[in-house]
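Read off the chains here:
2 protein chains.
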Amino acid sequence: MSQKNVQVLLANRPHGWVQESDFRIIESDLPAVREGEVLVKNQYLSLDPYMRGRMNASKSYAASAELGQVMVGGTVGVIVESKNPAFQVDDAVLGYLGWQQYGISSGKDLQKLPKSEQIPLSAYLGVVGMPGITAWFGLMRIGQPKPGETVVVSAASGAVGSVVGQLARSQGCRAVGIAGGQTKCDYVVQELGFDACVDYKGDHLAEALAMAAPQGIDIYFDNVGGEILDTVLEQLNAFARIPLCGRISQYNATEPYRMRNFGSFLTNRVTLQGFIVSEHLEMWSQATQELSKLVTTGELKYRESVAQGLEHAPAAFIGMLKGENLGKQLVKLF
Amino acid sequence: MSQKNVQVLLANRPHGWVQESDFRIIESDLPAVREGEVLVKNQYLSLDPYMRGRMNASKSYAASAELGQVMVGGTVGVIVESKNPAFQVDDAVLGYLGWQQYGISSGKDLQKLPKSEQIPLSAYLGVVGMPGITAWFGLMRIGQPKPGETVVVSAASGAVGSVVGQLARSQGCRAVGIAGGQTKCDYVVQELGFDACVDYKGDHLAEALAMAAPQGIDIYFDNVGGEILDTVLEQLNAFARIPLCGRISQYNATEPYRMRNFGSFLTNRVTLQGFIVSEHLEMWSQATQELSKLVTTGELKYRESVAQGLEHAPAAFIGMLKGENLGKQLVKLF
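Residue numbers (the numbering used here), protein chains in the order written: chain U, 1 to 334; chain C, 1 to 334.
Derived from the structure by calculation, the hints contain no laboratory data. No incorrect hints appear here.
What the simulated footprint calls covered on chain C by chain U, stretch by stretch (three residues with Cβ under 8 Å from a Cβ of chain U suffice, anywhere in the stretch; the number is not a length):
no., segment
1, 242-250
2, 253-265
3, 274-285
Where is the CB? At the ideal position from N, CA and C, for every residue including glycine.
All chains, full assembly: derive it from the sequences and hints.
Structure, rendered in structure tokens:
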């Protein structure tokens, strides 16, 4: 019997905003599992802003996804067939099997996951997975927060930003979010415990930010780039640090935003570092442990936005790029 | 007898380009030297780009110079009268006595200088002084050069840039200068030993830079900011470092240049750090020793542009901001 598989392929490289038509959904036969391989039934697919960069042919911080091939992405699932002695049927695994229901793997790129009551498998794509580790690395290693400092984070209700602010609080810092709309701001303050949150869709971002960060900004964890970053630059304190994690405001832009306040980097002796967390594997183990502990104790809260069914992945991805999600955006495949 | 003193005061805060009329030259009586003080006869006044920032009321990386007061600046001179047991008449000292022939000091801000055949006093304002140490700190500590990497430095024929490129060569790097005009470029390559130099006043800066740095740019030591920085950003390698030292292209601008290629910081996982060397005093001793040794052995070459007489300091300062000097700009006071 040959297993049927649903896959989402990259059909076109978008110019400007991604369209659903840039993807193509197909049903295919799974090849047989060969010696040394396993077959994984994916339970969740992760949707992340970095994927927009992979859709371009131009240089980004990772290789492009290939036209006509399965779109790349992180997954959690369970082994349903194993010809690799390292894996048993029913083992839960984290992988990078892409936008498809089933994936075949040699096992090299799979990581076995513990089965825990407190930490569901989906969390390994979010709060204790790549986005959470991104927050941990950027804040702790690049930001180096000190008690009493003010930490501002953009996309504060998202998978990365929500962890940044809560970690900042745990370090004794004032945590200020920037998010789009009152619902997200309320979530960030009331549920995640940030000290304040500024709605960037409101008027007078600069004034609102100055009120939320009256002592100035010591660390700005940037997920968005563009005009919000430019506004933050005017309110930095001396020796501010900027972990530069993402530029979601620019990913679908055909003309780049032109930065006005670059002078702040010298005036305030700022340190900025662009990073991609997969290039810092040496600290994944420590970060995962610390994040898992905080989730288990309830100190680190998170939410998930879950699209049902792989056929809704393209719309959910576009929605995430437009900021329609709250917390980690996932697709539940079955 | 009261000693006559010539002083240059800050008369106006410039808007845009500095004018000679922003300074006022006066002759005054020196107050008597009190117990614990010394009188210094300044031999050389240092002229440095950072002084332009001090002329503004707005926030820079240091306090503003005061209107109607002596313009600030570094000096070397000799003690001509001492009521402080730590100093003898004829001692040579480095100080920050400003744009004046004579200065009175408690001695706290003075540093005694060795009298050496190989290193003249004026060099303590340049190659083995603040500019040289700026080059050393930015390149060695922030840039962290590795053999085989390409180091690009702007204002390459200036007091800081000329040291950056020579230090880069001593670290086994390819050193590429950016300077204004063929004379400066010839000096940088033929006399200082850079591998290449690009004339930013020529057409096609990007193409010329790509030819001079065919392997891409690993370290960009930036003294100028603006469009040159923006052009360099397009040619950075992954994990490039940018010691951000100055922005001379912007100091007299009334509207800031708007940066187009900010995305390179994330795409290439760049680390940028703005710095001011006087905030890193812990490494001055090591830097001075290393630079002095390289000057003594002839491995580190330098030139000085010397204006004769304090009354020519304003014109020399404006000339330096326009790039008319080669190497360290000084004023010889007597």
